[in-house]
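Given chain A, put chain B with the ligands in place with the hints provided.
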Amino acid sequence: MPDVTYALNRLHSAPVLELKGKLTFDQAPGLWTAVSASLAGVTRAERLDFDVSQLEEVDGGSMALLVASRADLHRRGASSEFIGANAQVQKVIHLYRGDVKVGALRKRRARGVLDQIGNATMAILQEGQQVFGFFGQALFAALKLVVNPRSANWGEVAPTMEKTGADAVPIVLLINFLVGLVMAFQGAVQLKQFGANIYVADLVGLSITRELGPLMTAIIVCGRSGAAFAAEIGSMKVSEEIDALRTMGIGPMRFLVLPRTLALVLVLPMLTLLGDAVGILGGLVVGVLTLDLTITGYLQESFKAIELWDIFSGVIKSVLFALVIALIACQQGLSTTGGAEGVGRRTTSSVVSILFGLILVDACFTVFFHWVGA
Amino acid sequence: MSRLIKVSGLTLGWDETVLLQDASFEVERGSVFVILGGSGCGKSTLLRYLIGLDQPMSGTIAIEGVSGEQLGFSRPEFGVMFQSGALLGSMTVGANLALQLTEWTQLPAEAVNVIVRAKLRLVGLQDAEDKLPSELSGGMKKRAAIARAMVLEPSLLFLDEPSAGLDPVSSFELDALIRSLNQALGLTVVMVSHELESIFSIADSCIMLDKASKSIIARGAPRTLRDSSADPRVSAFFNRRAVAPPVAPPLPLEVKP
Ligand SMILES: Nc1ncnc2c1ncn2[C@@H]1O[C@H](COP(=O)(O)OP(=O)(O)OP(=O)(O)O)[C@@H](O)[C@H]1O
Ligand SMILES: [Mg+2]
Chain A
1 MPDVTYALNR LHSAPVLELK GKLTFDQAPG LWTAVSASLA GVTRAERLDF DVSQLEEVDG
61 GSMALLVASR ADLHRRGASS EFIGANAQVQ KVIHLYRGDV KVGALRKRRA RGVLDQIGNA
121 TMAILQEGQQ VFGFFGQALF AALKLVVNPR SANWGEVAPT MEKTGADAVP IVLLINFLVG
181 LVMAFQGAVQ LKQFGANIYV ADLVGLSITR ELGPLMTAII VCGRSGAAFA AEIGSMKVSE
241 EIDALRTMGI GPMRFLVLPR TLALVLVLPM LTLLGDAVGI LGGLVVGVLT LDLTITGYLQ
301 ESFKAIELWD IFSGVIKSVL FALVIALIAC QQGLSTTGGA EGVGRRTTSS VVSILFGLIL
361 VDACFTVFFH WVGA
Chain B
1 MSRLIKVSGL TLGWDETVLL QDASFEVERG SVFVILGGSG CGKSTLLRYL IGLDQPMSGT
61 IAIEGVSGEQ LGFSRPEFGV MFQSGALLGS MTVGANLALQ LTEWTQLPAE AVNVIVRAKL
121 RLVGLQDAED KLPSELSGGM KKRAAIARAM VLEPSLLFLD EPSAGLDPVS SFELDALIRS
181 LNQALGLTVV MVSHELESIF SIADSCIMLD KASKSIIARG APRTLRDSSA DPRVSAFFNR
241 RAVAPPVAPP LPLEVKP
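Those protein sequence lines, which keep their order, are chains A and B.
Mind the numbering: the first sequence is residues 1 to 374 in our numbering, read in order.
Mind the numbering: the second sequence is residues 1 to 257 in our numbering, read in order.
It cannot be assumed that every hint is accurate.
As the list claims (entries may be wrong) - Straight-line Cα separation of at most 27 Å, DSSO-like style, residue types lysine-lysine; simulated pairs:
no.	chain 1	residue 1	chain 2	residue 2
1	A	20	A	91
2	A	107	A	91
3	A	192	A	107
4	B	214	B	6
5	A	101	B	131
6	A	101	B	211
7	B	131	A	163
8	B	131	B	6
9	A	107	B	131
10	B	214	A	107
11	A	107	A	20
12	A	22	A	107
Unchecked claim - Some chain B residues close to chain A (C-beta under 8 Å, calculated; not the full set):
no.	residue
13	80
14	100
15	104
16	236
17	238
Unchecked claim - Quick list of the computed label-pair ranges, beta carbon to beta carbon:
no.	chain 1	residue 1	chain 2	residue 2	range
18	B	113	A	339	33 to 41 Å
19	A	288	B	109	56 to 64 Å
20	A	349	B	153	36 to 44 Å
These aren't lab readings, by the way, just hints derived from the structure by calculation.
Virtual Cβ for every residue (Gly too), placed ideally from N, Cα, C.
Only chain A is shown next, with the shape it has when bound in the complex:
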């Protein structure tokens, strides 16, 4: 036996929806269905009242649904009121404004497809502009620091180096080792056919030092530290900490951005060198175990193939990668708006933009080195 019954009474000149018993929020779904069904038939200039004279109790949520139905009827040009409410029910009606004139619904302008495409394009362009503007500001702030080194936040550099560098060593070692290993395996299958087993050392050595070592290491650091910078600075931004810093005369650029950038610029080349070494080690393991090469033979071939410039060019790249990671992450963090959700969004977009930036810089470098014949 339900606590409440609804019945559409058509005995009167105008239909009346009679509600009886105790209405609780648990019954709201049933109520909504019943009321919607009764509403459907009502047209302009008709009337549908809610007879609540036998309603003993009602909860707020159900009343809100009833009030919305009444408002809906009013907007369609029909009329509708609550009738016969007892004192208690009347209070709830009043609380949910079921006894006032119904206002027009505020219309939201739907945006057209072209509108949206245009806005999105503008947003991307502005974003790019902001990133480059930020690079300029960072450069400017860095020059100022050179002039006045005392104003830097040097204290932040060492801890950041530990977090971004020392703590990243295990994962950098593991990934680069596996990359060297995989590459040697893949290359071995081909080179074996020509009896050119020994050239696995050249293949692995050159591609690791020139390309994959710096890139894989940068990607790992992007995932670890880029995301961390963006999230850290982003949540400082949304909790007004950045604003507070500025009012204290401490610009976020020199207090937050430059120490992080410096730390990364110092740390990423070191990580890259480590990565290079274990990458070659990965190749060596495959060479020795599956290609019948000796350790000394493999190493000798590696040393013959790899020139100092190969390693050095990778290190130069890694410095630029570090700049890309740190600056984009901090820029994204500083342009965060909109609470915790905004922080998440900016963290995601910082990782995506950094990856894009890394590949772009890498491509430019490769073309440039090829062009100058290095």
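Chain B with the ligands alone, transformed into the frame defined by chain A:
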């Protein structure tokens, strides 16, 4: 008294929404100036403009002896307490207070510590020096933020709802503190507040913002406004009433057969 802040023709808002149009007012040096208005009417936003964090849509803000462009690069000319406190979450309360001292003064470390403790004692937080902001209650954060705003002895303080969320006793003590800073050191205080008691006890003058008309609907000494303002919105605020209590239209009580 001379003029310290002059705002003229200020329009303020977010994106396309205008919250306040063509507003002008002045703040006297050495006074306690209160910005009033309903929730969401743009008081904190106005404060951001005064501080120089956001640029006005139109109009000018001039603070004597302060040039807006320098924000973030030079020794601050004023102290600011944000509505949320905005303490740096990665540092202890003590470090939050010490930051500006190490940044902008040549004080040795022990002297910095002495000042930090003294300021914390002023707001009743002597035991919180080594705590992280996340370990403080809402009211404690606010008090720590006030102490941080005062640490460089600025002659101008901006406070956004300093006593909101405090118990009556702490709130009273805070009012007394603001009053005595104002009287003993001649500090100018610009604050947002809703606490009628504290407004009456410390404010020299106030302005009231209104969301619907996007304008300043009252200005002057709070007591005068309470006792003699003709504007129903103003007297409603000072006398804690609803502006116009919603009147229920008569309901049809019977169904006509
Ligand atoms: N970051 C923001 N982006 C867009 N709109 C905002 C932002 N911050 C505030 N607003 C809008 O500006 C209006 C005024 O906000 P503000 O914080 O200045 O109000 P307030 O008067 O300080 O209110 P309260 O007394 O509740 O603190 C609000 O309607 C709010 O929706
Ligand atoms: Mg506010």
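Structure-based check of all given hints:
| no. | hint | verdict |
| --- | --- | --- |
| 1 | A:20 to A:91 | 17 Å, holds |
| 2 | A:107 to A:91 | 30 Å, violated |
| 3 | A:192 to A:107 | 72 Å, violated |
| 4 | B:214 to B:6 | 19 Å, holds |
| 5 | A:101 to B:131 | 54 Å, violated |
| 6 | A:101 to B:211 | 23 Å, holds |
| 7 | B:131 to A:163 | 23 Å, holds |
| 8 | B:131 to B:6 | 39 Å, violated |
| 9 | A:107 to B:131 | 50 Å, violated |
| 10 | B:214 to A:107 | 22 Å, holds |
| 11 | A:107 to A:20 | 36 Å, violated |
| 12 | A:22 to A:107 | 36 Å, violated |
| 13 | 80 | 4 Å, holds |
| 14 | 100 | 5 Å, holds |
| 15 | 104 | 6 Å, holds |
| 16 | 236 | 20 Å, violated |
| 17 | 238 | 27 Å, violated |
| 18 | B:113 to A:339: 33 to 41 Å | 36 Å, holds |
| 19 | A:288 to B:109: 56 to 64 Å | 58 Å, holds |
| 20 | A:349 to B:153: 36 to 44 Å | 42 Å, holds |
Hints 2, 3, 5, 8, 9, 11, 12, 16 and 17, counting from the list given before, are not met by this structure.
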